[in-house]
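First to last, the protein sequences are chains A and B. Count along the first sequence starting at 1, add 4, and that's the number in the numbering used here. Count along the second sequence starting at 1, add 4, and that's the number in the numbering used here.
Take these hints with a grain of salt, some might be off.
Since the list gives no way to pick one copy over another, a pair counts as held whenever it fits inside one copy or between any two copies.
[Stated by the list, open to error] List time: in silico SDA-like cross-link candidates among lysine to any residue, alpha-carbon distance up to 25 Å:
hint: 1; residue 1: 139; residue 2: 49
hint: 2; residue 1: 15; residue 2: 39
hint: 3; residue 1: 15; residue 2: 108
hint: 4; residue 1: 211; residue 2: 232
hint: 5; residue 1: 211; residue 2: 297
hint: 6; residue 1: 211; residue 2: 294
For the record, the hints were derived by calculation from the structure and aren't laboratory data.
Protein chains: 2
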Amino acid sequence: MGGFTNIAWNKGVLRLLDQRVLPQETRYLDFTDYHEVAQAIREMVTRGAPAIGATAAYGMALAALCTQATDPTTLRIELNQAAEVLRQSRPTAVNLFWAIERVLRRAANPALATVSAICEAVIAEANAIYEEDIKANKAMGFHALALVPDQAKILHHCNTGGLATVDYGTALGVIRTAHEAGKQVHAYLDETRPRLQGARLSAWELKRLNIPHTVIVDGASGHLMRTVGIDLCVVGCDRVAANGDTANKIGTYNLALAAHAHGVPFYVAAPTSTIDMSLPSGDAIPIEVRDPREVTHLGNFQITPDDTPVANFAFDVTPAKYITAIITEVGIAYPPFSDSLAELMARVQPPR
Amino acid sequence: MGGFTNIAWNKGVLRLLDQRVLPQETRYLDFTDYHEVAQAIREMVTRGAPAIGATAAYGMALAALCTQATDPTTLRIELNQAAEVLRQSRPTAVNLFWAIERVLRRAANPALATVSAICEAVIAEANAIYEEDIKANKAMGFHALALVPDQAKILHHCNTGGLATVDYGTALGVIRTAHEAGKQVHAYLDETRPRLQGARLSAWELKRLNIPHTVIVDGASGHLMRTVGIDLCVVGCDRVAANGDTANKIGTYNLALAAHAHGVPFYVAAPTSTIDMSLPSGDAIPIEVRDPREVTHLGNFQITPDDTPVANFAFDVTPAKYITAIITEVGIAYPPFSDSLAELMARVQPPR
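The shape of chain A in the complex, shown without the other chains (with noise of 0.2 Å):
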């Protein structure tokens, strides 16, 4: 829809976009090995939480689709190995190891009685997974609707459009669907170092799509909210605990703080697939630590001195007290999250 396709699925060949060197150029790789899908998730060709659960899924439709087992029982073994490949590639978004978790379940159906019944099952898992994605994102754009004011100046961190999703996007989707429907939105993004995903790849969606933006960097938001005024944050994430507590890309929450200084409404677009309603709050959510290189260097340009410590953080936890709202595909939680949370992934079919 954003005239490119993030991730596709044809005939037992993965296609990704390759991230990593947009927008300078446009790359598709193809996985049909499941151990490379996790590679490439852990090296970020494909990032997103929704991406990565999509990826994730057709990961495991791979391992199916490869195996050498002749019955159920081995392939079920197999599919477990694979899962466990899978869920080492990244820790903190919870999509990946619940859709892992979707594909595992639906294979485990004891009805499925053979080899290529679980591997039709297992594609079909995944293909569900697609489709519910989209339709998630588009219900979370028309849900936040009613929070968009025309004219808006919405501030955005990282990048959570048709780049971080199968298509469309959570909260760049929020800001897309309140431009088509012909409010005169402007997005500021930051550029969110240390990987640029604002500068490099929310900047080329909303290009493509002809939305009014201005690229900053992530240290200019306060700045911004205190002169030119900011009318709302959006932000996606990779997972919220049951009390709203939300992990998301570094430098989430010092947008947060910067935004309950000025009164500035702060969402989270949050698929219920982002939802983790074991983990009490934000403290029991697994932090990614990454590469100092991501900071020390930008391509092969070094920026700092030799064997400078860094500490690379690749995720924050924002506290659920700094959030107005998240917006979700059946609806919008409003505090107390703990409440309104836990009605709304009552709603969600089938049960989670």
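With chain A fixed as given, assemble chain B onto it according to the hints.
What follows is chain B alone, placed relative to chain A:
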């Protein structure tokens, strides 16, 4: 003192360490023409409010030395012209204007009856600014010792060391003094987009000084306070208004908001040359907007899509209410700053 000379004046030649190519390259540039000095300030060959002040003072010295004037009146006209050129180089740091003003006032002394007497006085004033800056930095470090606990984890923004001053540093000087006093401090360095002064310059200085440090992206400061724990923040400044509102490198305000949310003391190291008692509040401080290319490119590497719109504010203003104390060379100011800064400024000799 840090094993390098940032600014040197030798027989009519101004030598500057070219900070644009650090830490990869140590390159010195020599100047004999004040127009080129203004250009060097604009292009950030040197930067940091106190360094800009001293550099501009020597720019005035070059104007005096290069004069063809044969009478004091003509020379004073030329000096005023040079002052105007130098004032246009950068708008936010008040030290630039303060240093130029000091030189002009000295040159205007009617007791100076010859061209050569004015020349000597101008050079003497530039040298005085140079020497006073080093003394002020050391005095700030000394005053601040009581504010820095042993084992302190200190968060710092931008570069405020020997590279931002004549020598020693303001906020990094505070960290350095604590380190030299035997306190086991650890500095966390905001990388400071877009020009990465923290990652490039502060890391370079602290490595030379053997002060333990870790570089983080600017968006990680809140996460660090929430998880690792930070004992205090200390930053420099480009201009402090009479009420304590402080203009400093973009991202300072976000850091102050994060510190406020966590009850972390937030200190500004401000030589009195940076305090502008003529401005009632930070709203009157001009904020420089710089070339979008600083955000869209790193060196020759293009980050964003072509023609991506950028808002590149070089500075922001942190309201006084988020500042715990302002450290000057004549003592520490606490809120209410309108009173405490006025009291401190009255102690400064010569009166400003």
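Each hint, compared with the structure:
no. : hint      : verdict
1   : 139 - 49  : within (24 Å within a copy, 53 Å between copies)
2   : 15 - 39   : within (18 Å within a copy, 67 Å between copies)
3   : 15 - 108  : within (21 Å within a copy, 79 Å between copies)
4   : 211 - 232 : within (22 Å within a copy, 38 Å between copies)
5   : 211 - 297 : between (29 Å within a copy, 18 Å between copies)
6   : 211 - 294 : between (29 Å within a copy, 23 Å between copies)
Comparing the model with each numbered hint stated earlier shows that all of them hold.
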